[in-house]
Amino acid sequence: MFLEFEKICRSFGGVNALLRVSFYVEAGTIHGLIGPNGSGKTTLINVVSGLTESDSGRLLFDGVGIHRLPPYRIAALGVARTFQNIRLFSNLTCLENVIAGQHLRVGRALLPRLLRLPSARLEERQSRQDARGCLSRVGIENRALVPAGSLSYGERRRLEIARALALRPRLLLLDEPIAGMRQREIEEMESLFRSLVQAGVTILLIEHNMPFIMRLCSRITVLHFGQTLTTGTPEEVAGHPEVIEAYLGVEG
Amino acid sequence: MESLSQFYAVYGSLINFIGINAILALSLYVTLSAGQLSLGNAAFAGIGAYASGILTMRFNMPYPVSIAAGAGLSAITALVIGMPVLRMRGIFLAMATLAFGEVVRIAAVNMDITGGAQGLVGIPNKTTTYIIYGVLAATTYFLSILRGSKIGWSLASIREDETAAMVMGINTSYYKTLAFVLGAFIAGIAGAIYAHLNFIVTPGEFGFYAAVQLLIYNIVGGRQSVYGPILGAFILTALPEVLRGAGVTAGSLRLGVNGLILLLVILYLPNGLIFIFNRKVGGNAGRSGGEVQSEV
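Protein chains in written order, with the working numbering: chain A, 1 to 252; chain B, 253 to 548.
Okay, chain B solo, but in the shape it has when bound (with noise of 0.2 Å):
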């Protein structure tokens, strides 16, 4: 019990960011299993963090009050601007989502209630390891319950073939403006509670390496399971622990590594890593209707 206690005391903050990172990347899941190529996960994370952090120093509102007002802010925005931004597609969708993300950024710079440059400081810390994983399980399991309904279908048959998904009765815009608005909502639980968890948020922490960072994690761990995001997420926040515990510490052999899994995983594991695990879950068609093999 005591080895566990001081395993936490050294590792309690890199436990706490792979949850939070793995939510993070489930959000990016949820766009990503409708064929949509979001860059702008981060920036409505960081939504939720900015609104979520200013109701409580500002205006006292309770932990879980703020928190969702922040993911609710985070999901009206991404409704906002979803309507003309998911009439396009492809790499098309990724640029319009990576601007919205610098607008993001920039705005939280220059107005005066995000703190600007210096960031929202003085938040005071709520969010506990608990409430992390809390949010994570249930997230993981609303996803794998949504994967079986209506939705997760028509997610399915959207980015499997937006045409025929089309004559099969489903409405692509709504479903692809519900998969994007979902994902910006569990994005920005994900950036309120790093929020309360930090006593500070800059605005670069969600710019367009935080962006990308999320669609590694989903390329790694695999798009196939819900549970591949969350193991890319473990992995890539692990990893530069790991390294530093193995010896190497350079900040930029860190990103080389990454590059060079993401590399690896892309030629040999196209499916991503929980493939390893996943092989036979992947081979019937089971209760959930997991779908097999990779869209890419």
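Bound-form chain A, shown alone (with noise of 0.2 Å):
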């Protein structure tokens, strides 16, 4: 199991958004999670990058457990992931962005740049070079040098996706991806993350839009409430008595 949660609690004052929380992630698939607002997806993802800490239970990624790490210790481990509410550096431009997130793989050190050694520049123009490939992936390579902050709203939701590929994840996490992305994009959304896994990333993802993650998605677990409803299939979610009830509504 890649990425495996067992019994994972966590309550704000009294609130439990998530209440003994199992389920496992395959390596090198899709995982959807679904379920209502307010369920404990978010807090979910947050566990896993390390914002939120569980009150109980364990979280093993790739075998290691990580659920007392801080979160850098588990970005160093092959974790990245994109915010719901996006946080990008607005100030900076895109292409800066993504050289931001090259922060674990490129040394960038100080004394060959003092020095003004050839390594150092050669180093330089790969790690631009790397992050100009880390836009055009999402397609927005032409907006390199623009600020992150002039940028469209599906096009932040993209450079953000970009920046955690400088990270070279191996676990990718995505906090609605698609949302207030038009249909096109979406569709190139779609055939980015099914390339991303035929290269061996594994992506845990929040979605609403139900279409999209049925498409994509291999497994799904639905959160109610905090605890984990059903894990399974798109087909099994879809036709699970509980999920129709509690989160597709009758008519499905």
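In case anyone wonders, no lab produced these hints; they're calculated from the structure.
Fair warning: there could be bad hints in the mix.
Said to hold, decoys possible - Pair by pair, the computed Cβ-Cβ distance ranges are:
#, chain 1, residue 1, chain 2, residue 2, range
1, A, V15, B, E354, 53 to 59 Å
2, A, N142, B, A359, 53 to 59 Å
3, B, T415, A, L77, 52 to 58 Å
4, A, V15, B, D364, 56 to 62 Å
5, B, E414, A, R116, 27 to 33 Å
6, B, I358, A, C9, 36 to 42 Å
7, A, R215, B, E414, 32 to 38 Å
Said to hold, decoys possible - Covered stretches of chain B, as calculated for chain A (at least 3 residues, CB under 8 Å):
#, region
8, 385-392
9, 407-416
10, 488-498
Even for Gly, the Cβ is constructed at its ideal location relative to N, Cα and C.
Dock chain one against chain two, each of which comes alone in its own frame, and use the hints as you go.
So, in structure tokens, the structure goes:
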């Protein structure tokens, strides 16, 4: 099991945001996380990335317990994420955002730069090339020198994904990555996610767009009031009576 | 050539003060580049000044050793107080560092080895204009390179969005402490060379007024480029002399003019005066990764 939740609990002053959440994510797949608003999806992603500490339970990533690690250590294991409310460095250009995201991969040591060694210049050139590669992967390479703050909504979401890719993640956590995107953009993201999975990345994805989730995910976990209602294939989940009642509505 | 030396005879001390203030402004620039508002840098300069002065006078240390030790002590102090203090953000960090500055000032007033309220008197005059501007040039070069290094990118990320920086793998506490300590080290150097310029250092020189002055240099000059704080320090240090030359001598008016400049810059040039020169450079993602626009 690539990512395994074992009875993860987290409460915020009496409210059980997560209550004994247990499921696992298989390596090299896209795993969907759905549930009504306030069901604990974002809290769960925050627990994985280390921003929120779980009260109890275990969280294993590739066999390593990460439930007590700080965010930067979890990132160092190859976990990257985006945010539901988009957290870009809006005063920096798109290219600079991605370069900042290379923190764990590119040395940028001070001394070779102070001495202006050729190795530093080569590293800088490669890093910029690599950053442009990330931008073109999400389809915004033409916006490289534009401040992130002046991007359109959909472009911001793409840039955040590009910045996450700069870390070369093994696990990518996406919190509503296509919210606010147009149909054409959604299709582009779909093929991007598929190609990432083909390249060996595992994706854990929160999304409200049900057709998108059903098309893309090999397995889906449904959260309801902080508890796991069920985990299964899209067909199993869509046919689950409790899910229909709690989330999809009687009409389906 | 003669007119040049005449100019230096008249304005030499002003030129020196501009250089020292510029180095001090850069010390705060480092901390600000991580989004941390510290009002303790004047006190760090004070620690550097007193420590180096005492080492030279009482222990007959050679000048470079005194300077290095003064800056080192300043950095160590920053490391010790930085660990708890940097858990605070924004205005709380400013208040904590302000309190620290007052502690340093009061300590300097009340200790024997610092000469009490009269100050430390009789520090040998060993700092030259060349040394000041050599240090300024070295600091400027160092910081401009730092910007494009892993440290510089980490500080910029923390300033922009600390949460996003964390999940990108940046150990934010480490880099915030590093920025704080580096700022204190630079302030310590500035204080130490100032002590050996001035014959005397007094506690009042490193108080609240000085701390805020450093912030004003950064705001007026601009924090987006390493040259901004230098420009701010230059303008605001030279301005009283220029005004004196224009026949305006009142001391209180001088503060008023400073305030007016600050106000106008905040209103009309939120990126600082350097942005007038820098528009082109700021517009592209230059080799060193020039950030665009203000963080305010």
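Q | Hint check against the structure, violated hint numbers in rising order | A | 1, 3, 6, 8 and 10
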